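Chemist: Here is what each chain is made of, one letter per residue.
Number of protein chains: 2
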Amino acid sequence: MKVKGFTAAAVQAGIRYQDRLDLGLIYSEIPAVTVGMFTTNTVQAAPVVLGRKRLLRHAKAQAVLVNSGNANACTGEQGMNVALHTSSLIADALEIEDDMVQVASTGVIGEQLDIEPFDREIPKLAASLHEDGFDDFAQAIMTTDTVPKTSSACVKINGVTINILGVAKGSGMIMPDMATMLCFVVTDARIPFSALNEIVQSGVERSFNLITVDGDTSTNDTVLVMANGAANNPWLDEENQEGVKIFTEALHKIFKDLALQIVSDGEGTTKVVTIRVIGARSQEEAMSGAQTIANSTLVKTAFFGEDANWGRIIAALGRSGCQFQPEQVSIAFDKVMMVENGLGCGKEAEELASQVLQQKEFTVTVDLRDGNESAEVFTTDLTYDYVKINADYRS
Amino acid sequence: MKVKGFTAAAVQAGIRYQDRLDLGLIYSEIPAVTVGMFTTNTVQAAPVVLGRKRLLRHAKAQAVLVNSGNANACTGEQGMNVALHTSSLIADALEIEDDMVQVASTGVIGEQLDIEPFDREIPKLAASLHEDGFDDFAQAIMTTDTVPKTSSACVKINGVTINILGVAKGSGMIMPDMATMLCFVVTDARIPFSALNEIVQSGVERSFNLITVDGDTSTNDTVLVMANGAANNPWLDEENQEGVKIFTEALHKIFKDLALQIVSDGEGTTKVVTIRVIGARSQEEAMSGAQTIANSTLVKTAFFGEDANWGRIIAALGRSGCQFQPEQVSIAFDKVMMVENGLGCGKEAEELASQVLQQKEFTVTVDLRDGNESAEVFTTDLTYDYVKINADYRS
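If you're matching them up, the sequences are chains H and F in order.
Residue 675 in my numbering is what sits at position 147 of the first sequence, and the numbering runs on without skipping anything.
Residue 672 in my numbering is what sits at position 144 of the second sequence, and the numbering runs on without skipping anything.
Just chain H, with the same shape it has in the complex (with noise of 0.2 Å):
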């Protein structure tokens, strides 16, 4: 997959680990109008900081550089310094504008973030560019993903060809709310600032806010998406509303598949399971309810043991702030009803359920019956390689 006046790269360097790409660039020969959503964590990592004020005053960026191996958050001044330093060399590289360029880390939280491997690696990169490089770019920024994450769409819009392609990172503290997660969307549409802002919030709103793993929102997440207009189209504007419907549906669906490809590759995930509220009087109280489920660390087990416990999803369910009528409730997994008004439907019924929870995939529907409001959430089964992982994570 190519996309019109972009480039990409990754190295080497050694960051963390030898032997396998942990630094990735991606390039636009011209400026690229650029939409960044980040962690709304209190706590943000130096290249979140930078980013962010960078787009703020500028909306475009012609580059972005990626490290894996650590986060250079909770690093204070040092760590702004080496955000601005790495930029500068990759500005200096490709000479462009400090501004231009973005950056991003991922990994260990509160460890100094060593230049050598930087000023060492980054004349390479930016020599390596090339039109096939996000796939290289795809595994550089991984941590504990097990797989590279990617998605693309090729559509016609007023009869031009236009190019999306999107990469993705993240395995654990991943939760609604922008999950430990990089997002790198490149298009060669022609689109104005205000209407890919409007698409991208709204389409990471029912994507990446919608999945979680263990509920933790991390320092570093960022989603950026740079559309260079080097497909000459017709500009996406309000005047063009087919245009902008279907590159609207083009880049959501690249979301919703990078996201999903996040969620199963959960730490030590063996299934992935869709959360739904339906019958809930606010959206908000819908959404709530399916958090708390799709976060319980009771439920999460019981979904590992493949045990349709549907106690423990109603009990979730009763601490969420979810207002309910128990005796309402009506929980079914994927087609089979287990609960019907509050009670459970017997054993024929659990038998069946067992079935479902065997699959890698299903469906948790929980109707309220209190309303016509609902909310979606995907997340993982918590296994015992979870533990493993996390608790060797650094070792």
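Take these hints with a grain of salt, some might be off.
Because identical chains cannot be distinguished in the list, a pair is counted as satisfied if it fits within a single copy or across any two copies.
[Claimed, not checked] Mimicking EDC-like on lysine to aspartate or glutamate, the simulated pairs with C-alpha atoms at most 20 Å apart in a straight line are:
| id | residue 1 | residue 2 |
| --- | --- | --- |
| 1 | Lys581 | Glu855 |
| 2 | Lys784 | Asp642 |
| 3 | Lys888 | Asp920 |
| 4 | Lys588 | Glu770 |
| 5 | Lys781 | Glu770 |
| 6 | Lys863 | Glu834 |
| 7 | Lys888 | Glu904 |
| 8 | Lys581 | Asp664 |
| 9 | Lys684 | Asp920 |
| 10 | Lys875 | Asp920 |
| 11 | Lys532 | Glu901 |
| 12 | Lys875 | Asp642 |
| 13 | Lys773 | Asp862 |
| 14 | Lys888 | Asp835 |
| 15 | Lys863 | Asp647 |
| 16 | Lys652 | Asp664 |
| 17 | Lys863 | Glu876 |
| 18 | Lys530 | Glu557 |
| 19 | Lys773 | Glu878 |
| 20 | Lys888 | Glu901 |
Simulated from the structure, these hints should not be mistaken for laboratory data.
Since the structure is predicted, the reported quantities are computational estimates derived from the model, not experimental observations.
Given the structure of chain H, go ahead and fit chain F onto it with the hints provided.
Modeler: Okay, now just chain F, sitting in the frame of chain H:
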């Protein structure tokens, strides 16, 4: 330990498992002033609904019947009839009013509770009441608990000896705001309802509401404190401030002791960790920060891995809603300062902190340096055994 006018007993009723005590009874020769606190979950088990109603009417009780193996929660009208029926059996056997009986249940949610074991065993249970029956009672209310939990005090107030004996259970579904726990305290003190109520409320706030194992609040949480006045002490009321003070300290100490026993016996737990947030602008924010850290699966798995991973602690704090300046925060493991002004204190500090983490108990102190308010929560590590216990619990 004996408490005047109180007896207890337990039998093997085979409610869920054979050959273990699973049905316990406490009896007071005279109706005791009784304060009850119950789960805040929207979903409330039948015995909770019944017990609350009876205490609101009478503020007194004379008997408490508790079964393990089945929570009688999400069991609808049939479940309420079972609760009423079993309390009638006790009332008949002890020749007291139905309304003087409290019932409590713990175990699996969503299965109907069979009345046959109650019909069969209650006459035997009532006949075997004796002064030393509380150890058996403590065993009968256990589920995934590995040890029975009791705590007692004998204090002299106004020259009169007063005995207080507490029994508790709890291991999973444990979280501040009334954990899945049952706690029964009997005392021969003579005290009016209003004074006892105030002492119990403030005591629960400082004990059971400060522990967390997995962030899940159950449908059956109950604390009952019964004071039958058999000690004939001068009334513990507002005219007897000194007496109230001594009694309050003794009861609060028992609550705290039982709460720590519960968290120490948390499912799969190998460590008990005190999370203190100090220097906060408000008590609410300090508590929100402490609870979010205490419930973070990433923090809890790091404790299990004996990894002084303070980045996860500050990341959890950052999503807690607690306001703070990251560059002012300090974090200590016991007395080892790991973070000062938002920055790590280096390798040497980390090695010392690792030694602290090898202990079975330690304290993490997070100082926000932004005010004078503080909060403290008791939590556990998250282990392979937690996953094993909860993936297998119903099988």
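Chemist: Have a look at Lys581 and Glu855 and pick one of within, between, both or neither, based on CA distance no larger than 20 Å.
Modeler: between (51 Å within a copy, 19 Å between copies)
Chemist: Between Lys652 and Asp664, at a C-alpha cutoff of 20 Å, which is it: within one copy, between copies, both, or neither?
Modeler: within (14 Å within a copy, 74 Å between copies)
Chemist: As a check of your reading, is Lys863 near Glu834 (CA-CA no more than 20 Å) within one copy, between copies, both or neither?
Modeler: within (16 Å within a copy, 43 Å between copies)
Chemist: State whether the alpha carbon distance between Lys773 and Glu878 is at most 20 Å within one copy, between copies, both, or neither.
Modeler: Classified as neither; 43 Å inside a copy, 53 Å across copies.
Chemist: Since the copies are identical, ignore which copy is meant and state whether Lys530 and Glu557 lie within 20 Å (CA to CA) inside a copy, between copies, both or neither.
Modeler: within (14 Å within a copy, 84 Å between copies)
Chemist: For the identical chains here, do Lys888 and Asp835 meet the 20 Å Cα criterion within one copy, between copies, both, or neither?
Modeler: within (14 Å within a copy, 32 Å between copies)
Chemist: One pair to classify: Lys875 and Asp642, alpha carbons no more than 20 Å apart. Within, between, both, or neither?
Modeler: between (59 Å within a copy, 15 Å between copies)
Chemist: Within a copy, between copies, both or neither: which one fits Lys888 and Glu904 at a CA-CA cutoff of 20 Å?
Modeler: within (18 Å within a copy, 40 Å between copies)
Chemist: Within a copy, between copies, both or neither: which one fits Lys581 and Asp664 at a CA-CA cutoff of 20 Å?
Modeler: neither (28 Å within a copy, 65 Å between copies)
Chemist: Go through the copies and call it for Lys888 and Asp920: within, between, both or neither, with a Cα cutoff of 20 Å.
Modeler: between (26 Å within a copy, 18 Å between copies)
Chemist: Within a copy, between copies, both or neither: which one fits Lys888 and Glu901 at a CA-CA cutoff of 20 Å?
Modeler: neither (28 Å within a copy, 47 Å between copies)
Chemist: Go through the copies and call it for Lys588 and Glu770: within, between, both or neither, with a Cα cutoff of 20 Å.
Modeler: Answer is neither; intra-copy 25 Å and inter-copy 71 Å both fail.
Against the hints set out earlier in the document, violations occur for numbers 2, 4, 8, 9, 11, 13, 15, 19 and 20.
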